Structure formats: structure tokens, C-alpha cells
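One line per chain: the protein sequences are A and B, in this order. For the first sequence, our numbering assigns the number 1 to the initial residue and increments by one for each residue that follows. For the second sequence, our numbering assigns the number 299 to the initial residue and increments by one for each residue that follows.
Don't read these hints as lab results, they were simulated from the structure. Since the model is a prediction, treat every value here as computed from it, not as a measurement. Some clues are possibly wrong.
Claimed, not checked - List of simulated lysine to aspartate or glutamate pairs, EDC-like, C-alpha gap at most 16 angstroms:
hint, chain 1, residue 1, chain 2, residue 2
1, A, K33, A, E287
2, A, K33, B, E329
3, A, K33, A, E184
4, B, K431, B, D534
5, B, K431, A, E134
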Amino acid sequence: MQFLITVLLDGLIYASYLFIVSLGLTITFGVMKILNVAHGGFFAWGAYLASISIIYLGDNEYNSFLYYFAIFLSAIIVGLFFGYIIERFILRKMYNEDIHLIVLATFGLFWILEDLILHVFGVDPLMPYYPAMELGGIEVGGIFQGVYSLTLAGLAIIVAFICWYFLKKTKYGKVLQSVIFDREVSVSMGINVTKVYLITFIIGGMLGALGGAYIAPTISVSPGFAIDVVVMSFAVVVIGGMGSVPGALIGSLIVGLVRAFAVHQAPILELFIIYAIMAIVLIIKPEGLFAPPKPRKI
Amino acid sequence: MFKGILKEQTIQVGIGFVFIVVLLGTFILPEWMSNNFMYGLSRGLAVLGLMILWRTNLVSFGHALYYGFGAYAVAIAQKYLGVTDVFLRILIAIAAAGLLGFVLGFILRRYREIFFAMLSLAFSMVLYGLLAKAEFLGSTDGMSISPSTMFGFELGRFGLFYFIGFVVILSLIFAHAYLRSSLGHLTTAIMDNEIRVEYLGYSVEKAIHIKYVISACLAGGAGGLMAAALGQVDPDSMVLWSVSGELVFVTIMAGLGNILAPFVGAIFFEFIRTYAYEFAPQAWQMIIGGTLLAIIFFLPGGLWSLFQKINPFKKEKK
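Kindly generate the complete structure, drawing on both the sequences and the hints.
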């Protein structure tokens with residue numbers, strides 16, 4: 001029982017965090033058909049900017065509101081700044097290119113973003129643990145658990161709800177869906193697809209940065225820590241179906257729970273099992289568990 | 299298949315190029331520079347494998363799977379069988395990678411575009427997950443490889459360099475023979491229109507499968523040579539997805555125009571990396587990333603398109 005609760009808690013927390021990150025990735029892919037490796041760069045930048053601002057605010061109990069303000073603000077700034085630059089000046093010129101070239105370009109951008117971090121923030125690891133320490137911990141079913149990590153699950157639910165509401169209930173959501181369905185038809189209907197792409201990319205970037213910014217207080221933020229997250233969210237997105245929002249949810253739940261189980265039960269299999277699931281899903285249902293099938297174009 | 303191949307211009311230029319590189323590397327240049335040539339030639343094999351795949355518009359984001367598998371095959375053969383002979387090493391690396399490629403090819407040959415890329419990525423990360431945690435194979439520290447021998451005598455650095463040149467020439471000949479055969483000519487046809495190729499009576503899946511195995515063998519050979527040249531194998535620098543990304547990057551940087559391009563590109567890449575690391579240790583990734591973007595935007599044909607513009611051997615069209 002104890003073991004089960006540990007695995008469930010760990011898995012859910014990890015899944016929430018993965019969900020926020022891979023939601024950004026899957027939205028970018030769904031709308032723009034771009035597999036954005038630079039997403040890891042957004043993630044790392046969000047984490048760093050949030051860490052720096054939290055450390056700047058210092059360990060002060062009157063600041064607790066400011067911490068969260070800083071986290072969200074860094075995510076928004078990172079998404080806006082890099083999202084705008086990358087989409088406007090690089091990706092926009094490449095939409096007619098081969099899909100592999102676009103992936104490679106984002107790969108190059110990932111490298112650049114990673115090294116920019118070294119220059120802007122230095123090489124020393126940052127540990128902005130104040131928000132996590134302030135909230136303390138509680139006992140859940142006999143297991144001591146930090147409250148801050150639990151709020152991550154809350155954040156994931158809020159993000160999922162906002163995303164669902166936006167896509168299904170608003171006019172902009174419908175515009176987005178029509179662009180996803182067929183870019184050219186949307187253009188002929190008078191939708192400004194260029195603008196939709198820009199906004200989508202920025203929002204995707206913000207989500208990636210938010211994942212990084214929110215997880216920062218629970219980890220030590222050091223150079224190169226984003227490299228694992230990129231492939232992990234790739235796995236999530238592939239398992240759930242590239243471009244599918246519920247897919248990202250299910251995918252991150254699967255990956256989070258399986259990883260937590262492996263970490264506690266068979267640490268040797270930790271990495272292996274996630275990618276094995278990814279491979280198996282691709283073999284059985286290449287479009288992912290939740291993506292609608294595409295017609296084969298001749 | 300191999301008839302008259304030595305008379306082909308590509309092969310003659312290729313053999314000349316390898317000879318020059320090997321002679322430069324063994325007699326003239328200082329060791330750090332000639333190391334770049336040696337690693338470049340070895341990794342060029344893997345890039346050649348990727349290029350052959352890319353000509354059908356299949357891009358593997360997990361080719362480090364075969365690269366690392368070949369390297370680890372050499373390491374395992376040394377640990378458990380005591381194999382240090384350089385011929386056996388390269389044969390084991392190629393055979394192991396080829397076998398793995400043959401098995402996985404049955405699955406991968408049905409996939410195209412981004413799904414092909416993602417499934418190869420998944421397979422390579424499965425291997426990474428296994429190797430990074432396998433204690434009897436050294437986990438993330440990897441294993442060391444003892445110096446290679448040939449017929450019982452230690453080969454030394456120069457000897458290994460000659461051997462790498464020899465392997466590269468053989469694979470150039472083989473790759474060229476493959477690409478000019480009717481099977482190889484199917485490559486472009488499949489990229490243009492698969493269904494038409496099927497109607498012509500060829501099996502697209504079979505053609506892709508053969509191509510995939512060849513590509514895997516080349517990448518495995520590259521891994522085997524690299525393991526012997528570096529004297530060390532480890533999952534982070536041999537199997538991780540960023541290694542696959544690097545290989546794909548070199549492919550696009552080199553260009554798809556010619557079978558020699560991968561080797562030129564791989565050597566060039568080693569030099570960028572060494573220089574960038576030497577002069578700007580905190581910005582070398584940025585330099586590499588910037589180079590990648592610059593190539594994609596300003597030199598879509600890769601480095602090889604520069605050579606084509608100034609090619610002294612260019613044939614006049616009659």
C-alpha cells in the first residue's frame with residue numbers, strides 16, 4: 001500500500017510536469033507540423049529566468065505571492081521573446097522546406113539557446129528552493145510529500161482546462177482547429193494563418209518555459225539539464241499522438257506512472273521502459289494512441 | 299555490379315582524396331590535427347549511411363543506434379572473446395549492426411517521414427536506456443578498448459589510420475556500386491513516387507529494407523572504427539539522441555550530392571568542433587548551431603555544392 005501510494009504520487013507529479021511541457025510541443029506540432037527540438041531551450045530558459053528572479057527576491061515570507069508571479073512572468077517573457085524571434089525570423093522562412101530540415105533547424109536553435117544560458121546565467125547550478133520550502137510538506141497516506149510538488153498537479157489541471165476551454169469554446173479555438181485541419185482552406189476562408197502560427201508558437205514556447213519555471217524550485221538548475229526533458233516529452237507526444245491534446249495528457253500519465261514504478265521497483269529499466277513503450281506504440285499505432293488517422297496522399 | 303567501377307571518376311577522386319588525407323594525417327600534420335582527420339574519416343562512414351537513406355527522403359534520428367551498437371560490439375567482443383584483431387573488430391561491428399538493422403528493418407521499412415524518424419529515435423533510446431544502466435558494460439562510464447592488433451602485432455596509431463583509410467575506400471567502392479545499380483537507382487524513384495515504383499513491379503519495402511541494412515552496416519562500421527580510434531566507448535557519446543542529431547547535421551552540412559561529401563563534411567565538422575572548443579569553450583554549441591542554421595539557409599546543397607561550382611573535373615555535357 002505504502003509502495004503503491006509512493007508510486008502514484010511520484011508518477012502523478014512527474015506526469016503533471018511532463019504534461020505542461022509536452023502540451024506546448026504537441027500544440028506546436030498539431031498546428032504548424034513542426035517538431036520543435038528547441039522546446040528544450042524554452043524549458044531551460046524558463047527554469048533559469050525563474051530561478052534568477054526567485055533568488056533575487058530572496059528568502060522572505062512576504063514574497064510568497066511574488067514567487068509565483070515571477071514564475072509565470074518568466075514563462076511569459078521567455079515564450080514571447082524567443083518564440084517571436086524564432087518564429088518570425090527563422091521558422092517563417094522555412095515552412096515550404098522539407099520537414100526534416102525544419103527539425104534540424106530547431107535542433108541548431110536548441111544548441112544556441114543552451115549555450116546562451118551559459119553566457120547569461122553562468123555555469124554554476126542555481127537552487128531557488130524558497131517557494132518549495134515555504135509551503136512545507138504534508139503526509140499523504142503515510143508518506144511525506146512536499147506541498148509545492150502537489151500544486152504542480154493542480155497547475156497541470158488548470159492548464160489542461162484552459163486549453164480545453166480555449167480550443168472547444170472560443171472563436172479562436174475554432175480558428176485554430178480549422179488551421180490544424182487544412183491550412184490552405186483556412187487561408188482561403190480569410191484566416192490570417194501567419195499570425196496564427198506566430199501566436200501558436202509563442203504559446204507553445206510559453207508552456208515549455210512554464211514547465212521549466214515551475215519545476216525549478218524543486219531541482220537544482222544546472223546547464224544541460226534540459227536535454228533529457230526534450231526526448232522525454234517527445235516520447236509523451238508520440239505515445240499520445242502528435243498534435244493531440246488529450247493524447248498529451250494520457251501520454252504523460254503513462255510515462256509518469258511507468259517511470260515512477262520503474263524507479264522504485266527496477267531502477268535499471270527506468271529509461272529503457274519509457275522508450276520501449278514509445279517504440280511499441282509507434283509499431284502498433286504509428287499515429288499515436290489519440291490522433292485521428294491521416295489519408296495517404298498520392 | 300563492380301564491373302569497371304575503378305574507372306569511374308567518383309571512385310578515382312575518392313581514392314585520391316583518402317590517400318591524401320591519410321598521408322597528410324600520418325606524415326605531415328601534428329597529432330591533434332591528424333586525429334580530426336582520423337575521426338572524420340571514421341564518422342564519415344556513418345554519415346554516408348545516413349546520406350544513402352536520405353536520398354529516399356528517409357531521415358533517421360536514431361542512427362547512433364547502429365553507430366553505438368557497432369562500437370559496443372567491438373567492446374564486448376574484446377571483453378568476452380579477447381578479440382583485438384582489427385579485421386575481426388570491423389567485421390564484428392558491421393555484422394552486429396547489419397543484423398540489428400536487418401531485424402528492425404522489417405518494422406521500419408513500413409514507415410515514412412516523421413514516423414520513421416521518431417521510431418528510429420525510440421529504438422536508439424531503448425539501446426541507450428539499456429547501456430546506460432547495464433553495469434556489466436560499465437553503465438555511463440563505458441568501457442575501454444585496448445589497442446588494435448593485426449595478425450598478432452600491435453597496429454599503432456599510423457597503422458590504424460591506414461586501416462581506416464582502407465575501410466573507407468572499400469566502402470566508397472561498395473556504396474558507389476550500390477547507388478549505380480538498378481537497386482540504387484530505385485532510390486530516387488521511391489522518393490518521387492512510391493506507388494509508381496510498385497506498379498513498375500519493384501517492391502518498395504524490399505528496396506528500402508536493403509538500403510536500411512546497408513546504412514546500418516556503414517554506421518556500425520563507423521562505430522567500430524571510432525571505438526578502435528578513441529580507445530573508449532560510452533553511451534553518452536555514442537548512443538544518445540544528440541549523437542544521432544550530430545550525424546544528421548553533418549549529413550545536411552556535407553550535402554547529398556556525392557558519396558565523398560560525407561567524409562569531407564565529417565572532417566570539416568571535427569575541425570569546427572575542435573576549433574570552437576579550443577577558442578570558445580563556452581560557445582562551441584552555439585557555433586555549431588549557428589553553422590547548421592547558416593548552412594540550411596544559405597547553402598542548401600551543403601558543402602559539396604561549393605566544390606561543384608569549382609570542380610576541375612566537371613564533365614562537359616555533350
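Check: Between A/K33 and A/E287, does the CA-CA distance stay at or below 16 angstroms?
Finding: holds (13 angstroms)
Checklist line | Given pair status - B/D534, B/K431, alpha carbons within 16 angstroms | finding: holds (12 angstroms)
Check: Are the Cα atoms of B/K431 and A/E134 separated by 16 angstroms or less?
Finding: violated (36 angstroms)
Margin query: For a C-alpha distance cap of 16 angstroms, please report whether A/K33 and B/E329 respect it.
Written below: violated (46 angstroms)
Next item on the list: Take the C-alpha atoms of A/K33 and A/E184, compute the straight-line distance between them, and say whether it is at most 16 angstroms.
Entry: holds (14 angstroms)
The structure shown violates the earlier hints numbered 2, 5.
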